[in-house]
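Engineer: Please construct the entire structure, taking both the sequences and the accompanying hints into account.
2 protein chains.
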Amino acid sequence: MKIYQKPTRDQWSKILERPAQKSSTVRKIVKPILKQVKKKGDTALRRFAKEYDQVDLKQLAVSNEELKAASSQVKPELKDAIKRAYDNIKKFHEAQAQAELILETSPGITCRRKSVAIQKVGLYVPGGTAPLFSTVLMLGIPAKIAGCNEIIICTPTDHLAAINPAILYSASLIGIDKIYKVGGAQAIAAMAYGTESIPAVDKIFGPGNQYVTVAKQMVSQKGTAIDMPAGPSEVAVYADDSSDADFVASDLLSQAEHGPDSQVILVSTSKAKIDETLAAVKKQLADLPRKEIAAKALTHSRAIYLKSREEAIDLLNEYAAEHLILSTDDADEVADQIINAGSVFVGHYTPESAGDYASGTNHTLPTYGYARSYSGVSLDSFVKKITFQRITKKGLKDLGPSIEYMAAAENLHAHKEAVSIRLRKLAK
Amino acid sequence: MKIYQKPTRDQWSKILERPAQKSSTVRKIVKPILKQVKKKGDTALRRFAKEYDQVDLKQLAVSNEELKAASSQVKPELKDAIKRAYDNIKKFHEAQAQAELILETSPGITCRRKSVAIQKVGLYVPGGTAPLFSTVLMLGIPAKIAGCNEIIICTPTDHLAAINPAILYSASLIGIDKIYKVGGAQAIAAMAYGTESIPAVDKIFGPGNQYVTVAKQMVSQKGTAIDMPAGPSEVAVYADDSSDADFVASDLLSQAEHGPDSQVILVSTSKAKIDETLAAVKKQLADLPRKEIAAKALTHSRAIYLKSREEAIDLLNEYAAEHLILSTDDADEVADQIINAGSVFVGHYTPESAGDYASGTNHTLPTYGYARSYSGVSLDSFVKKITFQRITKKGLKDLGPSIEYMAAAENLHAHKEAVSIRLRKLAK
Chain H
32 MKIYQKPTRD
42 QWSKILERPA
52 QKSSTVRKIV
62 KPILKQVKKK
72 GDTALRRFAK
82 EYDQVDLKQL
92 AVSNEELKAA
102 SSQVKPELKD
112 AIKRAYDNIK
122 KFHEAQAQAE
132 LILETSPGIT
142 CRRKSVAIQK
152 VGLYVPGGTA
162 PLFSTVLMLG
172 IPAKIAGCNE
182 IIICTPTDHL
192 AAINPAILYS
202 ASLIGIDKIY
212 KVGGAQAIAA
222 MAYGTESIPA
232 VDKIFGPGNQ
242 YVTVAKQMVS
252 QKGTAIDMPA
262 GPSEVAVYAD
272 DSSDADFVAS
282 DLLSQAEHGP
292 DSQVILVSTS
302 KAKIDETLAA
312 VKKQLADLPR
322 KEIAAKALTH
332 SRAIYLKSRE
342 EAIDLLNEYA
352 AEHLILSTDD
362 ADEVADQIIN
372 AGSVFVGHYT
382 PESAGDYASG
392 TNHTLPTYGY
402 ARSYSGVSLD
412 SFVKKITFQR
422 ITKKGLKDLG
432 PSIEYMAAAE
442 NLHAHKEAVS
452 IRLRKLAK
Chain Y
32 MKIYQKPTRD
42 QWSKILERPA
52 QKSSTVRKIV
62 KPILKQVKKK
72 GDTALRRFAK
82 EYDQVDLKQL
92 AVSNEELKAA
102 SSQVKPELKD
112 AIKRAYDNIK
122 KFHEAQAQAE
132 LILETSPGIT
142 CRRKSVAIQK
152 VGLYVPGGTA
162 PLFSTVLMLG
172 IPAKIAGCNE
182 IIICTPTDHL
192 AAINPAILYS
202 ASLIGIDKIY
212 KVGGAQAIAA
222 MAYGTESIPA
232 VDKIFGPGNQ
242 YVTVAKQMVS
252 QKGTAIDMPA
262 GPSEVAVYAD
272 DSSDADFVAS
282 DLLSQAEHGP
292 DSQVILVSTS
302 KAKIDETLAA
312 VKKQLADLPR
322 KEIAAKALTH
332 SRAIYLKSRE
342 EAIDLLNEYA
352 AEHLILSTDD
362 ADEVADQIIN
372 AGSVFVGHYT
382 PESAGDYASG
392 TNHTLPTYGY
402 ARSYSGVSLD
412 SFVKKITFQR
422 ITKKGLKDLG
432 PSIEYMAAAE
442 NLHAHKEAVS
452 IRLRKLAK
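Protein sequence lines correspond, in order, to chains H and Y. Position 116 (the first sequence) corresponds to 147 in our numbering; numbering is contiguous. Position 312 (the second sequence) corresponds to 343 in our numbering; numbering is contiguous.
Since the hints were made in silico from the structure, they are not lab data. The C-beta atom is built at its ideal place from N, Cα and C for all residues, glycine as well. There could be a bad hint or two in this list.
[Claimed, not checked] Residues from chain H that face chain Y, not an exhaustive set, calculated with beta carbons under 7 Å:
(1) Ser137
(2) Ala161
(3) Pro382
(4) Ala385
(5) Lys415
(6) Thr418
(7) Lys424
(8) Tyr436
(9) Val450
[Said to hold, decoys possible] Anything over 12 Å on all C-beta distances counts as not near chain Y; from chain H, calculated:
(10) Leu98
(11) Leu309
(12) Asp367
Structural biologist: The structure is reproduced here in structure tokens:
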């Protein structure tokens with residue numbers, strides 16, 4: 032980890048810079064994949080499965096038998112854990128529901144705003160070395176609460192055409208049974224355009240590698256909505272003299288193990304705590320199964336020593352971390368001043384892992400500085416809010432002339448006339 | 032207008048197709064503009080003003096004197112109208128504020144979700160033949176309510192380097208004084224990258240021509256958020272035997288006058304009402320100042336006759352109109368069944384113009400079918416929602432083992448260890 036000592040404010044943006052996203056090479060690979068799926072549908076999906084994963088897929092859809100079998104393959108302890116996570120996530124996301132807003136803005140003018148579920152949503156769940164069944168929970172639960180009509184999952188298989196049973200179990204628990212054995216950019220294409228087996232959806236959610244990310248970005252330019260733009264996962268930890276260096280080190284490493292491009296930033300008002308933490312990182316790293324990945328991520332990670340808490344908060348707000356951990360006795364006070372972050376973990380006993388899995392908050396969060404303007408996934412992500420208005424004859428008589436003036440001043444006379452023609456009839 | 036008689040369901044998607052958005056030519060023009068502004072800042076903006084608008088801009092920022100002068104140039108009647116619209120829009124958007132959500136999902140696990148203003152926002156306001164001061168209201172009011180720290184407006188000038196006084200007056204009324212004389216793709220670039228005069232923003236809002244639209248799309252791929260993707264403006268009107276053909280015709284025309292690419296769709300269960308309406312359109316069109324624009328839009332507009340109201344509702348939901356007008360005695364009943372639309376105008380005396388200007392709802396709405404998954408601009412658009420969580424020692428003792436199981440099952444051992452290390456300390 033590179034250490035920065037009391038950098039001046041004008042140096043911050045350079046220090047906090049994220050790695051440039053070079054997507055043009057990836058786009059060149061993804062573009063023909065999208066095209067093939069659009070053109071050839073299931074045939075293309077089967078061909079890609081053979082080519083990339085050496086799998087011969089007869090059925091793209093997971094069968095009822097497979098779903099049932101999965102349940103018996105998941106250990107009871109894991110089932111209980113998933114069930115606890117499910118309960119917490121469900122509670123927190125149910126509480127996000129908004130009642131319909133109905134307001135008479137002027138006499139006779141009633142405006143409404145109502146949340147309506149996005150009808151068809153597609154959830155992408157990565158497989159591979161980290162089979163993210165937690166993502167099934169984080170996306171599937173709010174989709175169900177929102178009342179989406181059609182919820183489908185695409186996830187890659189292993190070389191035996193099987194999906195990790197915890198993924199299937201989690202989907203069953205939520206009540207999602209349309210699961211398709213497709214991964215990568217081709218899965219995104221299938222959900223955007225539809226194939227013989229896989230229905231096209233209105234919005235695509237979920238994390239993935241750079242091919243998945245670029246494919247999502249590309250289809251989002253052509254009518255399919257996506258949850259949010261994505262970059263490498265990241266954490267910023269704020270530590271001071273009150274922090275437990277071992278805890279902080281474990282938090283930094285839990286981010287670093289995600290991938291070699293993970294971003295890890297330690298910000299501290301205590302020089303001693305930085306040294307102590309880095310020593311603890313070194314020690315803990317040695318025991319990790321994914322230590323090579325974590326070590327790579329650490330090479331471009333940064334520890335920043337600043338002289339005051341105020342400065343530290345300003346810097347953290349400038350960075351706008353996906354995950355922000357406040358490892359201090361004064362965590363609540365600091366939390367109140369955070370204006371840019373995806374999710375904030377407050378206090379010594381609140382590791383990021385809690386939010387990644389089971390506390391109830393969503394783990395699909397804005398990376399790459401997008402936390403300045405984007406929210407993480409929530410119930411909101413699965414609805415759109417439609418406005419309605421109803422105007423009485425009296426209401427239009429009253430407000431109509433104002434509309435006429437404004438429309439005329441914008442040189443939009445047909446807009447004015449739509450009011451005038453009604454007022455003339457009312458005057459009769 | 033082309034008339035379709037009882038098309039079968041499998042014909043609908045073809046009939047409802049929007050014109051293909053061919054952006055590649057526009058991209059080629061916009062790309063170097065973005066690059067120039069990024070590189071040369073104000074110098075590039077001044078050069079473009081000279082080149083495209085034949086204006087010699089000394090100051091890019093509107094001065095206090097100009098702002099003051101504008102107020103005296105707006106007629107009292109228009110001021111009153113703007114003030115009425117302001118009040119309604121403010122009321123409806125203030126009512127959209129969400130209280131902080133605080134929930135103990137499990138004993139010792141407290142999750143929170145708080146709306147925090149996006150710090151820096153840029154509003155693009157088109158000038159030209161239709162000086163859209165209404166857009167200043169629709170974007171500026173919620174930005175102010177949200178509490179955005181920095182709100183700027185970019186808008187093009189006329190050939191005398193002046194901005195329409197109603198635009199300046201509306202901005203003053205809201206309390207926005209950072210207004211810059213820049214239009215087109217170069218304005219979007221300035222707000223995305225920042226120049227010597229114009230600060231970079233986190234999110235850009237506002238309508239515009241195809242260059243503005245494409246520029247927004249391009250900068251949104253590189254870190255700056257935008258309000259929503261945009262296509263040509265559109266209306267769908269549902270009419271039956273109870274409709275007033277003159278009213279319906281005026282609504283169709285108020286959409287058609289927006290631009291030659293405007294989309295206008297009439298859906299009716301009454302063949303007679305379609306004929307009557309088309310006759311009224313022809314008659315009203317003759318008197319419109321923008322009749323040439325409207326006539327062009329009408330050439331690719333469609334009237335669709337369907338046999339039942341149920342079918343009509345299904346078709347309208349499939350189309351997902353930006354504006355949907357329900358011109359029927361049973362408008363409330365129909366409104367309840369609408370699941371895809373930007374904003375819905377309910378009943379005979381609720382023209383689209385009301386929502387465009389003054390009823391209180393926002394007029395920045397999803398076009399091109401995006402209403403299936405996107406909401407219109409609202410207070411939500413100017414905030415992000417940050418989640419927070421705090422876990423007590425007891426809470427972690429209780430939930431920790433579930434997190435450990437799940438992390439281990441996803442092969443993310445450092446995630447598990449961040450919990451284990453804390454539990455070990457608690458066990459001591």
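Engineer: Take the hints in turn and mark each one as holding or not.
Structural biologist: A quick look at each hint next to the structure:
Below 7 Å, beta-carbon pairs count as interface contacts, and Ser137(H) has one with chain Y at about 6 Å; its hint therefore holds. Evaluation of the Ala161(H) hint against chain Y yields a held restraint, the C-beta minimum of about 5 Å falling below 7 Å. Among the interface hints, the one on Pro382(H) holds; its C-beta lies about 4 Å from the nearest C-beta in chain Y, closer than the 7 Å criterion. Of the supplied interface hints, the one on Ala385(H) holds, with its beta-carbon coming within about 6 Å of a beta-carbon of chain Y, less than 7 Å.
Because the smallest distance between the Cβ of Lys415(H) and any Cβ of chain Y comes to about 4 Å, under 7 Å, the interface hint for this residue holds. Annotation: Thr418(H) was flagged as interfacial toward chain Y, and the flag holds, the nearest CB pair being 4 Å apart, inside 7 Å. The beta carbon of Lys424(H) is positioned within 7 Å of a beta carbon in chain Y (closest approach about 5 Å), and the interface hint is therefore held. Taking 7 Å as the C-beta cut-off, the interface hint given for Tyr436(H) holds, the closest approach to chain Y being about 4 Å.
Because the beta carbon of Val450(H) sits about 5 Å from the nearest beta carbon in chain Y, less than 7 Å, this interface hint is met. With a closest Cβ-Cβ approach of about 18 Å to chain Y, Leu98(H) is found to remain outside the 12 Å limit, as its non-interface label requires. In this structure Leu309(H) is separated from chain Y by more than 12 Å, as the shortest Cβ-Cβ distance comes to about 16 Å. The claim that Asp367(H) is not at the interface with chain Y is violated, since a C-beta of that chain comes within 12 Å of its own (minimum 10 Å).
Hint check: a violation occurs at hint 12 only; the rest are consistent with the structure.
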